[in-house]
Amino acid sequence: MGIRFDGVTVAYDGTVVLDALDLTVAPGEVMALLGPSGSGKTTALRAVAGFVRPASGRVFLGDRDVTDLPPHRRGIGMVVQSYALFPHLRVEDNVAFGLKARRVPRAEIRTRVAEALDLTGMAAHARRHPRELSGGQQQRVAIARALAVRPDVLLLDEPLSALDARLRSGMLTELARLHRELPDVTMLYVTHDQVEALTLADRIAVMDRARLQACGTPRELYRAPADAFTASFVGGANLLPVTVDGKGARFAGTHVELDTTAAAAGARATLCVRPHLVGVGDGPNRLTGTLAEIQWRGATHRLYVDVGGHQVMADVRELREPPGLGDAVTLHFAPEDAVLLPAGVGDE
Amino acid sequence: MSEAVAAVRPRRGRPRGLPRPSTALLWALPPTALLAVVFLYPLALVVRQSVHPDTGGTSLQPYADVLASGAFREALWTTVWLALASTAGCLVLGFALALVIAFVPFPGARAVSRFVDVFLSFPSFLITLALVFVYGTAGLANGLWTDLTGAAEGPFRFLTTPWGVLLAEITYFTPFVMRPLLAAFSQLDTAQVEVAGSLGARAPMIVRRVILPEALPALAAGGSLVLVLCLNEFGIVLFTGAKDVTTLPMLVYGKAILESDYPGACVVAVVNVLISVGLYGLYRVVSRRAGA
Numbered sequence: 001m002g003i004r005f006d007g008v009t010v011a012y013d014g015t016v017v018l019d020a021l022d023l024t025v026a027p028g029e030v031m032a033l034l035g036p037s038g039s040g041k042t043t044a045l046r047a048v049a050g051f052v053r054p055a056s057g058r059v060f061l062g063d064r065d066v067t068d069l070p071p072h073r074r075g076i077g078m079v080v081q082s083y084a085l086f087p088h089l090r091v092e093d094n095v096a097f098g099l100k101a102r103r104v105p106r107a108e109i110r111t112r113v114a115e116a117l118d119l120t121g122m123a124a125h126a127r128r129h130p131r132e133l134s135g136g137q138q139q140r141v142a143i144a145r146a147l148a149v150r151p152d153v154l155l156l157d158e159p160l161s162a163l164d165a166r167l168r169s170g171m172l173t174e175l176a177r178l179h180r181e182l183p184d185v186t187m188l189y190v191t192h193d194q195v196e197a198l199t200l201a202d203r204i205a206v207m208d209r210a211r212l213q214a215c216g217t218p219r220e221l222y223r224a225p226a227d228a229f230t231a232s233f234v235g236g237a238n239l240l241p242v243t244v245d246g247k248g249a250r251f252a253g254t255h256v257e258l259d260t261t262a263a264a265a266g267a268r269a270t271l272c273v274r275p276h277l278v279g280v281g282d283g284p285n286r287l288t289g290t291l292a293e294i295q296w297r298g299a300t301h302r303l304y305v306d307v308g309g310h311q312v313m314a315d316v317r318e319l320r321e322p323p324g325l326g327d328a329v330t331l332h333f334a335p336e337d338a339v340l341l342p343a344g345v346g347d348e
Numbered sequence: 001m002s003e004a005v006a007a008v009r010p011r012r013g014r015p016r017g018l019p020r021p022s023t024a025l026l027w028a029l030p031p032t033a034l035l036a037v038v039f040l041y042p043l044a045l046v047v048r049q050s051v052h053p054d055t056g057g058t059s060l061q062p063y064a065d066v067l068a069s070g071a072f073r074e075a076l077w078t079t080v081w082l083a084l085a086s087t088a089g090c091l092v093l094g095f096a097l098a099l100v101i102a103f104v105p106f107p108g109a110r111a112v113s114r115f116v117d118v119f120l121s122f123p124s125f126l127i128t129l130a131l132v133f134v135y136g137t138a139g140l141a142n143g144l145w146t147d148l149t150g151a152a153e154g155p156f157r158f159l160t161t162p163w164g165v166l167l168a169e170i171t172y173f174t175p176f177v178m179r180p181l182l183a184a185f186s187q188l189d190t191a192q193v194e195v196a197g198s199l200g201a202r203a204p205m206i207v208r209r210v211i212l213p214e215a216l217p218a219l220a221a222g223g224s225l226v227l228v229l230c231l232n233e234f235g236i237v238l239f240t241g242a243k244d245v246t247t248l249p250m251l252v253y254g255k256a257i258l259e260s261d262y263p264g265a266c267v268v269a270v271v272n273v274l275i276s277v278g279l280y281g282l283y284r285v286v287s288r289r290a291g292a
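If you read the sequences in order, they're chains Z and U. If you're matching positions, the first sequence starts at 1 in the UniProt record's numbering and goes up one per residue. If you're matching positions, the second sequence starts at 1 in the UniProt record's numbering and goes up one per residue.
Because the hints were derived from the structure by calculation, they are not lab data. Please note that a few of the clues may not be correct.
[Stated by the list, open to error] If you want a taste of the chain U side facing chain Z, the calculated C-beta under 10 Å gives, among others:
{"no.": "1", "residue": "V207"}
{"no.": "2", "residue": "R209"}
{"no.": "3", "residue": "V210"}
[Said to hold, decoys possible] A few chain U residues that don't get close to chain Z, going by computed Cβ distances all over 12 Å:
{"no.": "4", "residue": "A33"}
{"no.": "5", "residue": "F39"}
{"no.": "6", "residue": "P53"}
{"no.": "7", "residue": "G57"}
{"no.": "8", "residue": "W81"}
{"no.": "9", "residue": "L93"}
{"no.": "10", "residue": "V132"}
{"no.": "11", "residue": "T137"}
{"no.": "12", "residue": "A151"}
{"no.": "13", "residue": "A191"}
{"no.": "14", "residue": "I206"}
{"no.": "15", "residue": "V270"}
{"no.": "16", "residue": "L279"}
{"no.": "17", "residue": "Y280"}
[Unchecked claim] Across the chosen pairs, the derived CB separations fall in these ranges:
{"no.": "18", "chain 1": "U", "residue 1": "T190", "chain 2": "Z", "residue 2": "T300", "range": "37 to 45 Å"}
{"no.": "19", "chain 1": "Z", "residue 1": "A343", "chain 2": "U", "residue 2": "P105", "range": "39 to 47 Å"}
{"no.": "20", "chain 1": "Z", "residue 1": "S161", "chain 2": "U", "residue 2": "L35", "range": "49 to 57 Å"}
{"no.": "21", "chain 1": "U", "residue 1": "F158", "chain 2": "Z", "residue 2": "T15", "range": "49 to 57 Å"}
{"no.": "22", "chain 1": "Z", "residue 1": "R102", "chain 2": "U", "residue 2": "F158", "range": "40 to 48 Å"}
{"no.": "23", "chain 1": "Z", "residue 1": "T111", "chain 2": "U", "residue 2": "F158", "range": "52 to 60 Å"}
{"no.": "24", "chain 1": "Z", "residue 1": "S161", "chain 2": "U", "residue 2": "L274", "range": "28 to 36 Å"}
{"no.": "25", "chain 1": "Z", "residue 1": "G62", "chain 2": "U", "residue 2": "V100", "range": "34 to 42 Å"}
Predicted model only: the values in this text are computed from it and were never measured. For every residue, glycine included, the Cβ atom is placed at its ideal position computed from N, Cα and C.
Given only the sequences and the hints, what does the whole structure look like? Please build it.
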């Protein structure tokens, strides 16, 4: 069962927190809603769950308009950042909660609880209370609880944000495995972490300031972002103001080659190139500047180079003899690694 | 350097910052003495008086007399059932009202919550007096009835019966249950309520299986407080003017002030204290078992 937002607007006390969202999630698809806090992504999820009522627009689950349905009649599973396990219930009773609410026969409850706990690797902890579990284990129980009701749609609201980095990466693998084992479950995954979105999602909807900025596969958004916000939020990017000329563009007095079929000659535009696609030394599209800052990041060095008053970032393999601050540095990038974005956005 | 090492080296004997045992005892002396003078000594006097009948000597005769009297047994029964019924009423009403204030968004919920705090500071007789103005023989409700129907008397006469006392006690003590409940509800993760809803639970199930279990310690705290306060309530019973409603505190007052039977009054007082302390002890045992 898919999810469809049809011009959904949500406002609190006159402040619009979600602005006319149009978005379709296909059945069985994992859609990540990615954006900074206050971008409206959680509000969109809450509109699907039924916890906020849109001021206008409709929400559909499959063909069913659920806009006016209370949460308990929507038939969804939900996992939240704080786990929200019921502290006085044992793990098995937490998982059985939704089944009891739906008046599933007792014998079936037992098998489905066991099934859900097996699926999340928590079968050995069925008799424990939530307080006796680690954060990662509690989140597994929360996922088991949501899956036990066999929802067509699973909503995940920053499910890994409360976990430390190592656990988070483990849980990401687990979630990917779960999705492979339950290919029919549609997942709406709210996160501010681009790694989670890139790893897990079939498609990513990038949100900013209550609006949908871009939507596409992780590869599309990464390789060819449609706007500066998407470029910088998904993966990080150099956004450089350029003027389009004959076979490329001029940046800080230097001619650079790139595909300019989308722009007219003489137009102002923004050149977007990922820092890890910028190399040090000679090559195509040479840029020369002075080193303003250098950071050692273990396997890589991040260089901040001042090129004609603009900062260009380059992530390069750890340098044996890194340049000193103020040294002249030559950078380069391949024409096919650069993308031209609409003008002005890079000045932000 | 050597100073720093000396500072972190553990000293033998008593830990740093704590006074010597003898000094600690000295500190404990003033509050203990104060407690003994203002509380324990008068209590001892009451107990002493209860075993000194007017005929002289020391005897348990006052206890035999009082415990055998029908008036005492009736007062004991009235006190206990009124306290238990009031507590039950306060728990039910307080839980329902606190639920609405905490979970049903309505304009003015904060103001109502503040008013609960103010209500706690009102004296008990004030509420009773207000009820007398509304439901008393010459009160608002009866006045309206007589004006409308031309009858000589209104139908509202329950205020001077045990039901009037019950109503007044529930009205006055309900906020004592609501306060700890509202505090407990504010600690509850609202995501739990939302997740329960998304799992298919309707409001009654959410209240029963998610909210109530987490509110139990607060209910126990508020309920036991109300129970003890109701057992010892004097002002409300006096101000409703319910002549036939005699509770233990009223009996103490009657025996001491009206009958000048001090040993008898002290016996009733001792029984009243024992019931309060006993119930408090029971509450501690039960709440510890419940892990509250």
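| So does S161(Z) sit 28 to 36 Å from L274(U), Cβ to Cβ? | Given about 56 Å between the Cβ atoms, the range is violated.
| said: Over 12 Å from every CB of chain Z: does L279(U) meet that, or does the non-interface label fail? | reply: holds (26 Å)
| Verdict on L93(U) as a residue remote from chain Z, using beta-carbon distances over 12 Å | holds (24 Å)
| query | So the hint says 52 to 60 Å: do the beta-carbon atoms of T111(Z) and F158(U) match that? | reply | 57 Å Cβ-Cβ, so the 52 to 60 Å window holds.
| Holds or violated: 39 to 47 Å for the Cβ distance of A343(Z) and P105(U)? | holds (46 Å)
| request: Would you assess whether Y280(U), listed as outside the interface, keeps its beta-carbon beyond 12 Å of every beta-carbon in chain Z? | output: holds (25 Å)
| task | Would you assess whether G57(U), listed as outside the interface, keeps its beta-carbon beyond 12 Å of every beta-carbon in chain Z? | result | holds (58 Å)
| Hint validity - R209(U) Cβ closer than 10 Å to any chain Z Cβ | Holds, because the Cβ-Cβ distance from R209(U) to chain Z comes to roughly 7 Å (cut-off 10 Å).
| Interface hint status, V210(U) versus chain Z (Cβ within 10 Å) | Holds - the Cβ of V210(U) comes within 10 Å of chain Z, reaching about 6 Å at its closest.
| task | Answer holds if the nearest beta-carbon of chain Z is closer than 10 Å to that of V207(U); otherwise answer violated. | result | violated (13 Å)
| said: Minimum C-beta separation from A33(U) to chain Z exceeding 12 Å: can you confirm that? | reply: Answer for A33(U): holds, closest chain Z Cβ roughly 44 Å.
| Between G62(Z) and V100(U), does the C-beta distance stay in 34 to 42 Å? | holds (35 Å)
Violated hints, listed in ascending order, are 1, 13, 14, 24; each of the other numbered hints is respected by the structure.
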